[in-house]
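Q: Residue strings, one per chain:
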Amino acid sequence: MARAARKMSQNVVVPARRRSALDGVLQQGRFGVSLPDGPGVRISLRHPLSVVTVIACKGKAKALDEAVQRLCGKACPQAGLSVSGRGLTWHWCGPEQWLAVRDDRTDGVLYGELREKLSGLASVSDQSHGRIVLSLSGRNARDVLCKGTPIDLHPRQFGPGQCALTQMAHIGVHLACTGPDMFELSMFRGFAESFYEWLTEMSLEVGYEVL
Amino acid sequence: MSRYRLDTGGLIDRNAPVTFSFDGQSYQGFQGDTLASALLANGVTLMGRSFKYHRPRGAVTAGAAEPNALMEIGEGGRKEANTRATVQELYEGLTANSQNCWPSLRNDIGALNSLASSIFVAGFYYKTFMWPKSFWEKIYEPLIRRAAGLGRATHERDPDRYEKAYRHCDVLVVGSGPAGLMAALAAGRSGARVILADEGSLLGGSLLYENDVIDGKPARDWAREMLTELAGMPDVTLMPRTTVFGWYDGNIFGALERVQKHVAHPSHNAPVERTWRILARRAVLASGAEERPLVFPGNDRPGVMQASAVRTYVNRYAVAPGEAAVVFTNNDSGYRTARDLVAAGIAVRAVADSRAEPAELDAGDAEVIPGAVVTSVNGGRSISGVDIRSAKGVQHVSCDLVAMSGGWNPVVHLACHRGRKPDWNEDLAAFVAPEVGPELVTAGSAAGQMTLAGCLKDGAEKGAKAAGEAGFKVRRVGVPKVKADWTYALEPLWRVKDGKGKAFVDYQNDVTDKDLPLAVREGYRDVELAKRYTTLGMATDQGKLSNINGLALLAEATGKSIPDVGTTTFRPFYTPVSFGAMAGAHTGTHFMPVRKTPLHNWAQELGAVFVEAGLWYRSQWFPQAGESDWTESVSREVITTRTKVGVCDVSTLGKIDVQGPDAAEFMNRLYSNGWKTLPVGKARYGLMLREDGMVFDDGTSSRLAEDHYFMTTTTANAAGVMSHMEFCHQALWPELDVQYVSVTEQWAQMAVAGPFARKTLEKLISEDISNEAFPYLAAGEVTVLDGIKGRLFRISFSGELAYELSVPADYGDAVVRAIMHAGEEFGIEPYGTEALSVMRIEKGHVAGGELNGTSTAYDMGLGRMMSTKKDYIGRMMAQRDAFHRPGREQFVGLKPVRRQDRIRAGSHLLRLGEEPSMANDQGYVTAVALSPMVGQWIALGYLKRGRERYGETVLVWDGLRNIHMKAEVCDPVFYDREHEKLHG
Chain A
1 MARAARKMSQ NVVVPARRRS ALDGVLQQGR FGVSLPDGPG VRISLRHPLS VVTVIACKGK
61 AKALDEAVQR LCGKACPQAG LSVSGRGLTW HWCGPEQWLA VRDDRTDGVL YGELREKLSG
121 LASVSDQSHG RIVLSLSGRN ARDVLCKGTP IDLHPRQFGP GQCALTQMAH IGVHLACTGP
181 DMFELSMFRG FAESFYEWLT EMSLEVGYEV L
Chain B
1 MSRYRLDTGG LIDRNAPVTF SFDGQSYQGF QGDTLASALL ANGVTLMGRS FKYHRPRGAV
61 TAGAAEPNAL MEIGEGGRKE ANTRATVQEL YEGLTANSQN CWPSLRNDIG ALNSLASSIF
121 VAGFYYKTFM WPKSFWEKIY EPLIRRAAGL GRATHERDPD RYEKAYRHCD VLVVGSGPAG
181 LMAALAAGRS GARVILADEG SLLGGSLLYE NDVIDGKPAR DWAREMLTEL AGMPDVTLMP
241 RTTVFGWYDG NIFGALERVQ KHVAHPSHNA PVERTWRILA RRAVLASGAE ERPLVFPGND
301 RPGVMQASAV RTYVNRYAVA PGEAAVVFTN NDSGYRTARD LVAAGIAVRA VADSRAEPAE
361 LDAGDAEVIP GAVVTSVNGG RSISGVDIRS AKGVQHVSCD LVAMSGGWNP VVHLACHRGR
421 KPDWNEDLAA FVAPEVGPEL VTAGSAAGQM TLAGCLKDGA EKGAKAAGEA GFKVRRVGVP
481 KVKADWTYAL EPLWRVKDGK GKAFVDYQND VTDKDLPLAV REGYRDVELA KRYTTLGMAT
541 DQGKLSNING LALLAEATGK SIPDVGTTTF RPFYTPVSFG AMAGAHTGTH FMPVRKTPLH
601 NWAQELGAVF VEAGLWYRSQ WFPQAGESDW TESVSREVIT TRTKVGVCDV STLGKIDVQG
661 PDAAEFMNRL YSNGWKTLPV GKARYGLMLR EDGMVFDDGT SSRLAEDHYF MTTTTANAAG
721 VMSHMEFCHQ ALWPELDVQY VSVTEQWAQM AVAGPFARKT LEKLISEDIS NEAFPYLAAG
781 EVTVLDGIKG RLFRISFSGE LAYELSVPAD YGDAVVRAIM HAGEEFGIEP YGTEALSVMR
841 IEKGHVAGGE LNGTSTAYDM GLGRMMSTKK DYIGRMMAQR DAFHRPGREQ FVGLKPVRRQ
901 DRIRAGSHLL RLGEEPSMAN DQGYVTAVAL SPMVGQWIAL GYLKRGRERY GETVLVWDGL
961 RNIHMKAEVC DPVFYDREHE KLHG
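For the record, the sequence lines run as chains A and B. Residue numbers 1 to 211, in this note's numbering, belong to the letters of the first sequence in order. Residue numbers 1 to 984, in this note's numbering, belong to the letters of the second sequence in order.
Careful, some of the hints might be misleading.
As the list claims (entries may be wrong) - Straight-line C-alpha distance at most 27 Å; calculated DSSO-like pairs for lysine-lysine:
no., chain 1, residue 1, chain 2, residue 2
1, B, Lys473, B, Lys500
2, A, Lys58, B, Lys457
3, B, Lys497, B, Lys514
4, B, Lys560, A, Lys60
5, B, Lys392, B, Lys497
6, B, Lys560, B, Lys514
7, B, Lys870, A, Lys58
8, A, Lys117, A, Lys62
9, B, Lys789, A, Lys117
10, B, Lys457, B, Lys473
11, A, Lys60, A, Lys117
12, B, Lys789, B, Lys682
Think of the hints as simulated: they come from the structure by calculation, not from any bench. The structure displayed is predicted, hence computed values, not measured ones.
All chains, please: the whole structure from these sequences, using the hints.
A: So this is what it looks like as structure tokens:
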């Protein structure tokens with residue numbers, strides 16, 4: 001599907017390639033200050049990725065928990081938390097709302113799966129193309145993030161498995177801590193370039209590597 | 001080496017000489033110097049000219065409160081005015097220039113103002129420049145601006161970067177002197193997350209310049225040990241060069257970090273300044289105290305300094321600010337200066353103590369004259385001596401340095417930033433910080449502790465308490481021992497009476513001891529009024545030195561006590577903060593985020609001109625070679641679309657997935673027209689009203705399944721509609737089982753319009769989209785380019801046979817290129833928002849200009865959209881009588897009578913022959929277009945009783961451009977009035 005093509009009337013084939021919002025923007029390499037112990041942060045784009053918004057139907061939270069348990073082995077996370085299992089990550093993103101994320105499904109497949117398995121329990125909407133997900137990791141990741149978000153990022157307050165909705169550089173961001181000094185930032189794709197420019201500027205001080 | 005640099009001591013690096021320049025002359029200082037200490041070390045005492053009288057001035061402080069030594073630092077885009085030489089760290093190549101003088105600092109013509117000083121008294125401007133009124137803007141103000149002033153800002157672009165950031169802590173400690181250090185230690189050892197912030201380049205506060213002994217060690221060594229311990233704690237953050245400038249709601253503090261203001265060549269990798277917002281559970285304010293000047297004649301001459309500033313220059317910078325000193329004090333602390341000067345080998349000719357019977361204190365070997373005051377200072381650009389009056393009569397003492405101490409003012413600013421006034425303390429003759437609750441406590445001399453031992457103890461206790469309240473188990477810290485601590489006692493001396501010459505209360509604003517009584521005599525008795533009338537306490541130093549002395553003089557003139565006079569209002573910022581630091585990284589194109597559609601790159605390649613629509617960048621038109629005017633490009637795009645086929649990026653429209661068993665009911669309540677009867681696979685135009693009955697938004701929504709609608713909104717209202725839905729669902733109808741989420745960015749959406757639209761799309765879409773299979777207002781899922789799942793809507797804003805095709809955003813670029821390719825044989829062209837607007841005006845569709853918040857559906861001719869069979873938001877209020885008054889303005893078309901006339905949006909409509917007035921106003925023009933189909937400029941607008949007036953000629957009055965014309969009122973649908981093309 002990602003490589004779908006169609007013969008045109010004049011027998012010309014136009015390849016339909018998924019083009020991320022950071023296509024041509026993201027440049028691999030090391031930038032900013034050069035420190036002896038290497039770049040302070042590493043930035044990478046998770047693409048292509050399946051991202052689906054799941055919103056519980058009225059009064060179905062418990063049944064939904066059970067269904068999600070069957071999918072990833074864990075119930076829907078409470079406010080400010082994320083859970084992962086069987087390749088599927090489930091981020092809280094609002095009252096009885098979650099972002100389901102996985103990277104091993106082709107376009108539209110996760111959406112279709114969830115639509116079927118959660119039918120009657122939750123509404124699902126595909127956001128795989130609508131949101132862009134950036135990974136930020138490294139010893140200075142928190143120093144970079146604190147230039148944008150008022151969230152307390154101290155490991156005691158915001159450690160692995162925690163997530164939050166915030167604003168950074170005037171852009172709405174879903175921020176998740178995915179491991180020690182590892183974070184994921186997700187935002188509407190239209191803002192991706194603007195956000196990336198800001199993020200890399202803020203990373204100059206500690207040095208960054210784009211993977 | 002200069003004779004003003006002491007041979008030993010100081011926290012300067014004598015192995016690191018630094019070359020800098022002041023007013024074009026080159027000098028040398030050392031790493032660790034401030035600009036002021038380096039200038040003093042070179043014997044330069046004249047550092048500026050005063051604001052009004054252009055009197056020669058030198059540094060009076062060694063810190064942040066400096067009112068006189070203000071300079072322009074740096075060159076080109078980095079030039080910064082009003083930099084305090086007393087806090088500017090020296091760096092190699094630093095360029096400083098004096099300001100507010102001409103032709104030079106030494107010979108300043110403005111000093112003639114001083115000769116006429118009897119007329120330049122308080123309120124001078126208000127009295128003198130009153131008449132004629134017309135002179136104010138053109139003559140008086142520019143004149144005053146030039147004559148008086150505080151440096152000049154550069155007009156060049158700032159080459160440096162700025163940042164903003166957040167930090168959280170359990171305990172914020174403001175100030176790293178004895179109290180702050182102990183507070184940080186106590187909190188840090190208890191395990192709390194601590195931030196210790198201080199405006200200085202080195203942490204330690206007064207410990208850096210006082211010759212005290214703590215735990216058997218020199219104070220600065222003891223401080224260094226404590227700082228080393230703090231630096232080793234993982235949850236303690238030390239922030240030197242950081243001024244905490246404001247205290248805000250929620251115990252949030254603003255702080256400015258000078259990251260690279262002390263380096264010769266700022267690295268682009270780091271900001272030069274960073275604004276911090278520090279969110280603290282508890283805060284300890286240990287901001288210390290500021291020494292008050294004494295008010296006596298000649299107290300502004302270069303060489304007259306705070307006694308503590310003299311100690312700082314001698315002890316911290318190893319600089320002799322003079323060769324022979326007189327100390328003038330009303331309290332014990334002045335003696336410390338005498339002692340330290342003598343110890344450094346600088347002569348102290350006399351200690352003039354205004355107290356009749358001062359206690360025995362160590363003044364080195366200097367002669368103490370009790371009951372003595374300085375009555376005049378000899379000299380201009382430097383001093384040669386003073387007159388001291390005492391019981392023994394007046395004696396002349398020659399000296400080139402006067403160290404004055406009028407007592408100490410606790411620095412209470414932050415504690416007062418949220419509205420509380422400070423408390424008067426009679427013993428200290430000063431205001432101390434008020435109790436403002438547990439979130440912020442004041443410690444040390446800021447809280448009125450005037451001995452070193454008292455400060456250490458107070459800091460330790462309050463730091464521990466703060467950590468405890470923040471939830472940590474307190475570990476007590478031992479309070480270190482102070483050897484031979486100084487006492488503090490004073491007798492207020494608010495001014496020296498009957499002296500010779502001007503005695504200044506406020507240096508920066510040239511306010512003398514005569515100005516305050518004058519203000520009172522002229523009726524400005526209230527402290528806030530007197531401040532503004534005399535300018536006492538204004539400008540960059542905000543009266544840090546002058547306010548208390550000023551209040552005392554005001555008290556004397558009004559016969560009140562100082563606490564009854566009260567203080568003026570403390571507001572952030574504590575010291576000036578640059579605009580760059582406030583803006584952070586958000587300048588230029590990054591002022592606001594840029595939001596791009598999935599088709600942006602494609603449009604850019606085709607040379608699109610972009611327009612900002614909210615945060616979105618939308619392609620406005622696509623100029624081609626040879627087109628000289630945008631209207632030419634737009635007309636071509638319209639004609640191509642109307643005769644062949646065009647493609648337009650409409651991805652910015654708000655798109656909302658509405659799902660759930662009650663989705664239909666939800667839609668029905670939000671929109672004024674009905675949605676339950678809409679079959680699956682159909683689209684419908686919808687109108688939303690506000691609760692007050694006015695039109696809110698419009699758009700086309702489709703039913704994808706029984707329980708699934710795909711709603712679109714206007715670009716401008718996308719976020720507003722979403723919050724409206726959230727409010728309605730959460731607050732009004734929580735019983736509805738409905739879910740909705742913005743999917744705006746998931747879909748790249750393009751309008752394909754024109755007679756060949758279907759033929760073009762047929763080549764890309766697998767399904768049958770013939771008129772029979774996919775008629776007007778059909779909606780459904782389609783397969784694009786053999787594999788992409790898209791959505792197709794047979795809807796039209798242009799009035800042509802048209803479709804809107806949505807594909808997942810990452811495919812947008814490929815699909816639009818495929819559409820261009822497929823339409824090539826039909827002559828396809830892209831069109832932008834301008835052509836879109838022309839076509840919608842030709843079709844009389846309402847949009848932004850008409851959805852103006854003051855128009856009803858009836859006004860717009862959309863009364864039929866208001867269902868009578870159901871309830872919906874806005875229904876009740878839309879029934880108000882005024883909404884149905886016959887005289888209301890109604891939506892009409894307008895056509896200039898002379899075909900060549902260009903009608904302008906915003907013009908008002910009048911009856912022919914009537915004068916423009918509110919009473920005669922008949923309506924206004926909301927949107928205009930050069931219509932290639934009509935062959936002239938046309939317009940839409942609102943006109944009173946408009947629908948009854950088709951055919952009437954009205955006057956179109958454009959008072960802004962002074963262009964007036966006649967236009968014919970007509971049906972707003974100019975093109976294809978029968979709407980046949982839609983169904984083609």
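Q: Run every hint past the structure and note whether it holds.
A: Now the hints, each set against the structure:
1. B:Lys473 / B:Lys500: With Cα atoms ~61 Å apart, Lys473 of chain B and Lys500 of chain B exceed 27 Å; violated.
2. A:Lys58 / B:Lys457: Distance ~60 Å between Lys58 of chain A and Lys457 of chain B Cα, so the pair is violated.
3. B:Lys497 / B:Lys514: 11 Å, holds
4. B:Lys560 / A:Lys60: 72 Å, violated
5. B:Lys392 / B:Lys497: 17 Å, holds
6. B:Lys560 / B:Lys514: Holds. Lys560 of chain B to Lys514 of chain B sits at ~18 Å (cutoff 27 Å).
7. B:Lys870 / A:Lys58: With Cα atoms ~24 Å apart, Lys870 of chain B and Lys58 of chain A stay inside 27 Å; holds.
8. A:Lys117 / A:Lys62: With a Cα-Cα distance of about 15 Å, the restraint between Lys117 of chain A and Lys62 of chain A holds, given a limit of 27 Å.
9. B:Lys789 / A:Lys117: 20 Å, holds
10. B:Lys457 / B:Lys473: 19 Å, holds
11. A:Lys60 / A:Lys117: 14 Å, holds
12. B:Lys789 / B:Lys682: 18 Å, holds
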